[in-house]
Amino acid sequence: MRDLAKARNIGISAHIDSGKTTLTERILFYTQRIHAIHEVRGKDGVGATMDSMELERERGITIASAATFCDWKDYTINIIDTPGHVDFTIEVERALRVLDGAILVLCSVGGVQSQSITVNRQMTRYRVPRMAFINKCDRTGANPDRVTQQLRDKLNLNAVPLQVPIGLESDLAGVVDLVSMKALYFEGDQGEIIREAEIPDNLSEEVATKREALLDAASMFSDELMEAILEGEPNEEMIRAAIRKGTLARELTPVLVGSAYKNKGIQPLLDAVTYYLPNPQEVTNYALDLNNEEAEFRVTNDPKDPLIALAFKLEDGRYGQLTYLRTYQGTMRKGDSIVNIRTGKKIKVGRLVRMHADQMEDIEETGAGDIVALFGVDCASGDTFTDGSVNYSMSSMHVPAPVISLAIRPVDNKAQGNMSKALNRFTKEDPTFKTFVDTETNETIISGMGELHLEVYIERMKREYKAEVEVGAPQVAYRETVTQKAEFNYTHKKQTGGSGQFGRVAGYLEPLEEGEYEFVDKIVGGVIPREFISSCDKGFQKAMAKGSLVGAPITGIRCVINDGSSHAVDSSDVAFQQAALGAFRDGYLKAKPVIMEPIMKVAVEGPTEFQGGIMGSLNQRRGMIIGTTEEEDYTVVEAEVPLSEMFGYSTDLRSLTQGKAEFTMEFAAYRPVPKSVAEELVAKAKKEKEQQDKK
Amino acid sequence: MLKQELIAKNPIRHLKAGSEGQARAQMGLVMARAGLGKTAMLVQIALDSLLNGKQVIHVSIGQSLEKTRIWYDDIFKDIVEGCKLASPYEIYDEIMRNRMIMTFKESSFSRARLEERLNDLVYQNLIRPGCMVVDGYDFTVVDHQTLQDLGEMARAMDLEVWFSAVSHQEDEEAKGGGVPAPCHEVADLFDTVVLLQPAAGSECIDLNILKDTTGKAGDRVLQLDPITFMVKEGC
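Protein sequence lines, in the order shown, are assigned to chains X and E.
According to our numbering, the first sequence holds residues 110 to 804 in order.
According to our numbering, the second sequence holds residues 4 to 238 in order.
Derived CB-CB ranges, DEER-like:
#	chain 1	residue 1	chain 2	residue 2	range
1	E	Ser-205	X	Asp-325	52 to 58 Å
2	X	Asp-761	E	Asp-191	44 to 50 Å
3	E	Asp-146	X	Arg-234	36 to 42 Å
4	X	Val-520	E	Glu-109	55 to 61 Å
5	X	Thr-318	E	Val-125	48 to 54 Å
6	X	Met-329	E	Gln-151	36 to 42 Å
7	X	Thr-592	E	Gln-7	20 to 26 Å
8	X	Lys-710	E	Gln-127	20 to 26 Å
9	X	Lys-710	E	Gln-7	30 to 36 Å
10	E	Gln-127	X	Tyr-235	33 to 39 Å
11	E	Leu-129	X	Val-786	17 to 23 Å
Residues from chain E shown here face chain X by an in silico Cβ test under 8 Å; the list is partial:
#	residue
12	Leu-68
13	Arg-72
14	Arg-100
15	Met-103
16	Ile-104
17	Met-105
18	Thr-106
19	Phe-107
20	Lys-108
21	Ser-111
22	Asp-123
23	Gln-127
24	Leu-129
Straight line, CA to CA, 27 Å or less: simulated BS3-like cross-link-like pairs of lysine-lysine:
#	chain 1	residue 1	chain 2	residue 2
25	X	Lys-710	E	Lys-108
26	E	Lys-108	X	Lys-769
27	E	Lys-57	X	Lys-784
28	X	Lys-263	E	Lys-70
29	E	Lys-87	X	Lys-594
If you're looking for bench data, these hints aren't it; they were derived computationally from the structure.
Glycine included, C-beta positions come from ideal geometry on N, C-alpha and C.
Model the full assembly from the supplied sequences, consistent with the hints where possible.
What follows is the structure in structure tokens.
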């Protein structure tokens with residue numbers, strides 16, 4: 110079992126092209142997990158080890174995060190390689206949940222770019238302690254001091270350099286460690302030999318100033334260090350302990366420098382991970398108690414307590430289905446039975462492995478705070494597993510209903526098979542992604558939480574599953590509802606051959622404030638016989654599947670029946686279902702039906718200079734601006750905007766703000782569409798129906 | 004109850020210049036010690052304007068957007084419960100369309116910045132506010148000129164502006180019936196100054212009208228309910 114105090118679960122997160130994957134590759138090399146170094150855009154055609162998806166190799170970016178295990182000195186480190194591209198932030202957020210600490214990688218030339226801002230904000234939201242690594246110090250124009258200042262100004266971090274680079278650009282030779290006050294040079298073919306030396310004379314002044322600044326910053330977190338500084342020279346342990354305290358409290362961000370590509374500064378970075386980033390016990394994680402209205406429960410990290418583990422990533426590779434799990438408390442052994450809290454299904458732990466990007470190592474058991482992979486487990490991403498004795502979930506059980514859909518059509522037979530394989534996989538990976546076949550048009554419909562969300566899956570379908578598909582225009586999931594009470598009285602009568610059909614249903618329907626549908630039986634004196642009451646219920650529900658305005662599902666209605674009549678011979682289940690269906694349609698149009706559309710909560714973040722433009726763009730899209738939040742030169746505009754108006758917004762926003770603003774959106778509520786829009790929708794639906802009828 | 008009735012019955016009415024629905028440019032100040040209901044009071048002033056069909060900008064310094072939003076939700080709920088308003092959700096949706104919350108970090112707020120924002124909003128025709136409430140403005144560092152500039156800007160925009168300010172018990176006592184620190188030096192710029200103080204011998208909070216150039220309040224006794232922070236006429 111891992112010694113928790115010597116375990117680290119870290120993420121490496123950064124803007125695209127700041128060299129994160131190269132850095133990970135070097136870390137794995139120095140921790141002897143891999144035996145050769147491949148470049149991201151490798152001439153050797155192998156590519157870096159962490160980029161396991163083909164698409165990533167081709168583009169030189171990382172999309173899905175793989176978890177990799179390695180040893181450094183007597184520490185064990187799990188590295189979650191998090192995506193750096195703006196379009197895949199869902200994956201980033203998912204990875205951040207299971208991390209205890211992170212390295213924020215920055216390019217010494219590019220500095221803090223918009224994606225670093227987003228990632229940093231996500232890390233703040235998930236309370237992830239972090240340190241910064243200023244990479245690419247060998248590049249022309251490298252300026253780590255400027256980047257450090259940006260960390261302070263743009264990210265609001267208390268960034269404190271722990272190192273001074275020895276030379277910059279092509280002269281980069283090594284680093285000076287400001288804690289041990291030694292110069293470190295990286296020698297050998299791949300920088301594997303570290304030579305300690307005295308600090309070069311030309312740097313002594315800069316080193317002295319920065320060391321003082323470091324001690325100043327660190328002493329804020331340790332009285333002991335403060336005293337030691339006053340009395341003379343503090344020792345290394347004392348300084349490290351203080352930096353660690355500040356980092357864990359997320360009030361200090363240690364800054365390290367180097368160049369992964371030139372093999373400089375990687376080993377000290379690994380040391381820093383062990384010195385300053387938290388072990389699993391030092392991080393507070395909460396589970397939700399499902400027996401107690403999802404109240405928060407602080408997980409114990411104790412291997413003796415009941416098991417709680419979160420499946421955070423599924424992968425379908427050459428080994429079959431792999432499920433990545435993070436254990437929060439308890440112990441899981443090979444052969445144990447564990448329970449999936451979402452489905453209630455019990456499964457047996459077959460093979461338990463530690464993953465190293467594409468290779469694996471079998472293990473017998475895993476304890477709290479560890480990240481492992483399981484084989485052949487049927488589950489979805491975000492599922493929680495326990496030993497069955499507790500009913501906790503690491504993520505909320507509430508899954509929002511999809512708000513947007515797309516019709517997809519495979520281009521040929523081969524694509525057809527691959528497409529269904531891909532869809533099957535994606536629905537497991539992501540509970541907000543749904544798929545079904547529309548019985549009327551025979552098209553496969555995929556639905557999810559936004560345009561981008563679906564685009565990512567279509568792209569993955571092509572890349573990973575070779576399923577080439579044609580994509581229809583995105584459709585918003587409208588709904589219909591009524592706004593007032595209306596009465597109905599409908600007789601269904603049929604007398605053509607054989608036994609006839611007869612049923613009369615009367616009552617009223619009215620808006621339901623909460624819930625989707627309610628059926629109330631107020632029949633007295635048996636005017637509708639008992640056995641046909643449920644037929645009425647069925648009939649109403651059938652009618653609600655498709656509203657008469659735009660054919661969208663009807664929700665939020667209470668149907669009350671209080672009168673009716675039957676016939677001794679001709680009344681039947683079918684007859685009353687038909688009667689109820691007719692009655693509903695009768696009442697529905699009188700109850701002033703309206704079309705409802707999904708409204709998204711949109712947050713646009715960007716430099717303050719663009720605030721006006723951003724607000725204008727949201728306003729144009731029928732958005733209701735809730736407000737703005739200004740922090741220094743950065744502004745967040747929050748608004749509620751109809752989803753149907755958000756198509757193509759990312760492109761517009763990019764051109765409006767020179768690519769400096771980003772937006773996130775999530776479903777907020779269904780609201781009635783304005784009258785003018787409703788008229789358009791009804792006309793469009795009518796036209797489509799006519800066309801279908803012609804066919 | 005109908006919306007019109009609600010507007011007419013709102014005791015906040017007595018603090019505002021002009022007749023119902025026609026309030027004119029005015030500078031108001033609500034002072035209180037921490038936790039006595041300054042924000043609640045400002046939100047009620049804003050809601051009154053919103054119900055009157057005016058657009059409102061709520062400037063919140065140091066508080067999050069979400070928190071400010073919740074204040075509105077809560078107070079509106081209390082209003083609805085208190086008077087059995089007909090079709091409350093429609094009214095709520097409508098008034099929320101006319102409200103914009105602007106939150107600033109303490110360090111990033113300045114008069115110039117606020118003015119720039121307001122001009123931008125009006126220029127783009129995004130909102131044309133009739134009322135602005137400013138919550139969390141630090142009066143300990145403000146100078147007379149800055150506030151005067153703000154007042155002139157409000158007048159130019161035909162805007163009713165209400166501020167909140169934190170006072171301290173010792174300052175209140177030292178000033179007797181006058182405007183306490185930190186606002187005593189800028190009191191001349193306000194048309195109305197209200198000081199919230201715990202009422203003697205009851206749980207309620209008194210609305211002491213320290214200054215009222217509009218002459219609307221008269222001898223009325225206004226108080227805040229200690230639980231809901233709703234303004235009412237003497238309990």
